[in-house]
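Each chain is listed here by its residues.
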Amino acid sequence: MQALGPLILSWRSVLAPGIVALTAVVTMLVGSGLSEDESESVGWIALTGLVAAAIASLAASGDHIVTFGGSLIIDDYTAFFYLLIPVCSAVVVLFSFDYVAALGLPATEYYALLLFATTGMMLMAGAGDLIVMFLGLETMSISAYVMAAMAQRDPKSSEAGLKYFLLGAFSTGFLLYGIALLYGATGSIKLEAVAQMVRKHSIALSPFVLLGLGLILVGFGFKVAAAPFHVWTPDAYEGAPTSVTALMAVGIKLGAFAGFIRVLLIYLAPLHAQWSGVLWALAALSMTVGNLAALAQENIKRMLAYSAIAHAGYILVGMTAGRSEVGPALLYYLLGYAFANLGAFAVLVAVEQAQQSGTKLDDLSGLARNHPMLAAAMALFMLSLMGMPPLAGFVGKFYIFSVALESRYVWLVIIATLNSVVSAYYYARVIVAMYMREGAERQAQTRQPTLLFALAVAALATVIIGLLPHPYISASSAAYASAEQVLRPATAALQTK
Amino acid sequence: MTTWFPVALMTAFAALVVGLMVTINAIVGPRSRDPVKGEAFECGNPPSGSAWRRFSVHFYLTAILFLVFDVEVVFLYPWAVTIRQLGATGLVEAGIFIVLMLAGLIYALRRGMLDWS
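Protein chains in written order, with my numbering: chain A, 1 to 497; chain B, 1 to 117.
What the hints contain is simulated information worked out from the structure, not anything from laboratory work.
Positions of the beta carbon are idealized from the N, C-alpha and C atoms, including for glycine.
Here are some of the chain B residues that sit facing chain A, going by a computed Cβ distance under 8 Å:
| id | residue |
| --- | --- |
| 1 | L100 |
| 2 | A103 |
| 3 | I106 |
| 4 | Y107 |
| 5 | R110 |
| 6 | R111 |
If you anchor each label on the Cβ, the simulated ranges turn out as follows:
| id | chain 1 | residue 1 | chain 2 | residue 2 | range |
| --- | --- | --- | --- | --- | --- |
| 7 | A | V410 | B | M10 | 58 to 64 Å |
| 8 | A | I65 | B | R111 | 34 to 40 Å |
| 9 | B | L102 | A | I65 | 28 to 34 Å |
| 10 | B | L102 | A | S276 | 45 to 51 Å |
| 11 | A | R323 | B | V74 | 42 to 48 Å |
| 12 | A | L162 | B | A63 | 16 to 22 Å |
| 13 | A | D63 | B | F5 | 53 to 59 Å |
| 14 | A | L295 | B | Y60 | 39 to 45 Å |
| 15 | A | Q356 | B | R111 | 27 to 33 Å |
| 16 | A | S35 | B | Q85 | 44 to 50 Å |
This is chain A alone, in the form it adopts within the complex (with noise of 0.2 Å):
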């Protein structure tokens, strides 16, 4: 008994992303009984789950545990992420209904594997120790790599499904062997235990130690896509399904970089002066490369996959800066960031619906005549990627960079405010596509209420989590804080009396 330990298992707490996982497997048994037009409509089985699990997150906020021995915290921070990422996901869903069955993806397939991913991204945010973040990552990812892959008649699709299995594969490499150095200069793989003996016994400078956070660093920085690990991402959001890039650019994003703020930000914070530098590198590269990139492009989904590039630089900076001020601000971004994502991306499927066309920038010419409701929406969506003020985008971007300044870095501050302005150009210039340019008058009109519908959602929280930011930044105050209580236990006690 004494070797097993207290094994407290808190099944309450596993309740969201156990209902994805259990919705995943109900999906795939019940659509693989199902003829291939009829197994389309497993999409309402991942949604009513994925809805379930969001439901199931916020009844159990206020939470703080830590069961499975220390796998699995629950608290505020993890109830932050177990509502936002179901409810992505399920964006996800109610615009993949017609799209799914337009480019004649396994339909049982496609909701199974988008249901096991979104169980991965939860874990990853709610890991308590190194081998539950990784198995999330892995969760993740694989599902991600075969989703890329799905339209199998196209080769394109099929590359980005191998680009981004090999890059993917080798960076988990990376973190794994990270996690092993660390593990083996710690003693142990609990994030709350390798905390300790780094404060205690000022190991840090112990070379596994530094190889480790290094290895770790790298490992992350694909997943989320920073400069110069980035190289996967164009041809991996171009290839895909346009619904597979939404939650490559979304999901994984929020999913990675939930672990990656809670390990690094929490847990390796005294570490900083090692990590600061090499995040500094990673924030300036990332931004510069992303924006710079994405000017070029004529795909729009290409010039999405450099602007999410971009936006992890951004993010990337808020993290150099390191203090708990910045917590909240990451988190609130991280919220901008996914819906403008996601309704950008909705944009797209609907106008490949729609019109029968690509996703090139003349694809979009003229759209506010064709359809001015998307074109509308989709103009929303760039100027909160750009920041304009009134929007979710403009809100996280200040509170980033203004905490990143009081922090005393000017220099990465100014060079982040100067790639703003240059991203504002690729951003806009698919405003003036739409709006300014003739495009091919295109009659044929597909209604598809759940893609409304998905639109509408990704279009209202942009604009009211813009406009009335409070309760989000308390709310992203209140998640982080509670994952920073580990850090102080002695005043987490005394406040809880």
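Dock chain B against chain A, hints included.
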């Protein structure tokens, strides 16, 4: 240091023996090259066809299926060893695990993974 000395000695000795054998063999050993010796070894049969052959994808699917259930059994061993300590919780967890695996098997069957026609 002294505790590791025998290990170091053993390592050095092993390296020496292997090195000696390889070197002596390279110097003294007779050499003859002919086409038969250069052939790929296929258990004594004369080799036929190209090595760059396509395999039916069914082999991979069967291999994956085998892996899934092989790994399942491996995971059941530690549970079997600690079954008393884990008690009811362990039973439930193992049950969930087996049910999930069965779901995988049902899926594989429905997708015709064991259909070899």
